[in-house]
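K.L.:
Here the protein sequences come in this chain order: A and B. All residue numbers for the first sequence refer to the working numbering, where the first residue is 7 and numbers rise by one. All residue numbers for the second sequence refer to the working numbering, where the first residue is 83 and numbers rise by one.
Incorrect hints may have been included.
[What the hints assert, rightly or not] Listed next, the in silico DSBU-like pairs over lysine-lysine satisfying Cα-Cα at most 30 angstroms (straight line): (1) A/Lys144 / B/Lys88; (2) B/Lys418 / B/Lys88; (3) A/Lys144 / A/Lys189; (4) B/Lys418 / A/Lys144; (5) A/Lys71 / A/Lys189.
Read the hints as simulated data drawn from the structure, not as lab findings.
Residues per chain are reported as follows:
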Amino acid sequence: MTDPILRTEGLTKNFGGVVATNDVSISVPRGELRCIIGPNGAGKSTLFSLLCGMHRADAGRVLLKGEDVTRLLAFRRVRRGIGLTFQTNRAFHRLSVRQNLNAVLQIMRADRPADADERYRFALDWFGLDPDSEMLAKELPHHRLQWLEIAMVLAAGPDVILLDEPTAGMSSDETLQTGTVLKHLNSSGLTIVVVEHDVAFVRDVAQRITVMHQGRVFAEGTVDEITGHADVRRIYLGQA
Amino acid sequence: MSHLLKLLTGPEDIGRSRWFWATFVAVCVFLFVYPFWLSEFEATNNAYYLLNVPIALGLALLWGYCGILSFGQVAYFGVAGYVYGIVAGNMIGNAAGPIVGSLCGLAMCALTAAIFGYFVFYGRVQNWIVPILTLVLSLLFETFLGQTAGYQWRVGIVQIGGYNGMTGIPAFQIGQFVVTGYSFYYYVLIIVVIGYLSLRILVNSQYGKVMLALREDPIRTELLGYDIRARQLVVFVIAAVLAGISGLLYVQWGNYITPSQVGLLQASLPVIWVAVGGRESLLAVLLSTCALNWLNYTLSSEGYQYALIIIGALLVAVMLFFPDGIIVTLARELPKRGWRALVGLHKGKAG
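Whole structure, please, built from the sequences with the hints as guidance.
P.N.:
Pasting the structure below:
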């Protein structure tokens with residue numbers, strides 16, 4: 007079995023009296039494309055914020071490439087190879103495409119993936135983004151804005167990227183193209199974890215699926231295992 | 083060298099064309115030549131319009147490029163001025179005194195800003211709390227200085243002087259050459275030109291690109307791998323040192339400083355200079371600072387009592403009709419819309 011690049015152990019986070027994630031333990035092997043699904047409020051985005059360091063966990067651990075990064079600040083985790091796009095697009099809307107891409111730290115760490123630049127250029131080509139464009143990000147169509155943020159994360163040369171609903175608001179063609187790019191990036195060795203609601207997209211791209219419900223990991227398995235899971239169909243897929 | 087030139091003519095400030103740089107050089111030549119037609123008194127007045135440019139450029143860097151509004155830049159103006167007065171005053175008769183005083187003043191600015199900024203930025207203080215804290219620091223400093231009137235408030239032979247201020251501060255001198263009159267004008271002009279060009283290089287560097295990202299979204303910037311606390315602190319210290327340079331020039335110009343120089347009224351002026359021109363352009367801030375200082379000085383010196391009210395009204399008008407600043411808005415809109423840009427700019431922006 008491939009060693010896990012990203013692992014959590016008993017990750018728990020409370021906001022006031024609300025338990026957002028409760029004893030979440032997941033393990034993502036290197037090179038996997040994992041989708042995390044679950045109803046609204048299941049704790050998916052909170053899990054991402056705990057993984058990348060935006061929030062501190064109340065209990066549990068986060069391990070990135072075997073190293074305990076639970077107490078590390080977000081920027082230190084990024085420098086160790088994690089990248090994140092937000093549920094609500096947070097490219098720099100008032101800056102140009104060029105400025106957005108130029109703002110990314112070109113991390114020169116020893117274990118930067120050899121083909122990081124190649125992945126970045128591939129994404130720019132497929133997304134049709136001109137790195138010298140002076141067009142303001144806010145003037146881009148929605149799907150290109152989403153792609154811009156993914157390209158920014160790739161520019162830093164991550165080992166694993168966390169994408170929070172990357173296809174939200176996209177047409178089916180745009181969703182399909184996003185899936186194609188993600189699958190290609192994954193085939194080049196990049197580990198990708200995606201939170202997504204679009205079941206068709208998940209079926210298209212996922213190698214394994216983690217289902218979250220009420221802050222806990224409810225089920226985990228291959229696409230066929232999850233889509234055939236009676237309780238998952240009941241709580242999430244809305245089928246009897 | 084070519085890399086520096088590329089940074090100098092980079093896209094993060096108004097004016098990149100050959101025409102712009104030709105005009106810039108012509109204006110610099112004119113500014114170097116025209117004191118020949120002025121009296122020494124007039125040249126010194128012109129130096130006064132220019133000496134506030136560094137503090138304004140520092141605020142533009144901090145607020146316009148990095149997204150951190152400081153309402154207390156005058157605190158560093160005052161720190162540099164008072165420290166210079168104390169050190170140079172105690173070394174009077176020693177030709178090295180003004181240089182040592184200047185270095186001590188700027189070092190104290192950097193140290194004060196680094197300590198204050200450490201608690202602000204490493205404490206993750208953001209948004210509107212920062213201008214309030216910076217203003218409080220400035221007002222505390224003013225209050226402290228105001229109660230230093232007694233004879234016991236002296237450092238060596240220099241009286242701090244309470245609200246009467248510190249007087250008899252030595253002029254700047256290099257060796258035996260005392261920088262005053264015409265030479266003071268050129269001294270200030272050279273500092274302003276070098277300061278402006280250096281900051282242009284900074285904002286077009288990789289560091290500058292990250293500042294823009296910080297301005298737009300600090301969280302996103304941190305999640306691109308940057309220690310935003312350290313970045314914000316460095317820019318804060320640079321802005322403080324620039325404010326300190328203005329403070330030094332001010333005391334070397336007038337040979338005195340009073341606590342009112344770090345008070346509420348003075349604290350608001352750099353914000354007005356920067357907002358009126360347009361905080362997201364160094365050139366705009368340079369021009370508006372010179373223009374507004376000239377306006378304020380001219381109105382005040384002609385006995386007009388309401389100079390500051392006019393300046394304040396100008397700020398309100400700019401915020402209503404040119405929220406990005408007059409010069410920045412015109413520079414963006416004129417090429418697109420011609421002189422029609424002057425009409426209804428704010429409506430266009432809102433739409």
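K.L.:
Would you mind marking each hint as holding or not holding in the structure?
P.N.:
Results of checking the hints against the structure:
1. A/Lys144 / B/Lys88: holds, 27 angstroms
2. B/Lys418 / B/Lys88: holds, 25 angstroms
3. A/Lys144 / A/Lys189: Since the Cα atoms of A/Lys144 and A/Lys189 sit roughly 27 angstroms apart, the hinted pair holds (cutoff 30 angstroms).
4. B/Lys418 / A/Lys144: holds, 18 angstroms
5. A/Lys71 / A/Lys189: Holds. A/Lys71 to A/Lys189 sits at ~22 angstroms (cutoff 30 angstroms).
This entry satisfies every hint, going by the numbered hints stated previously.
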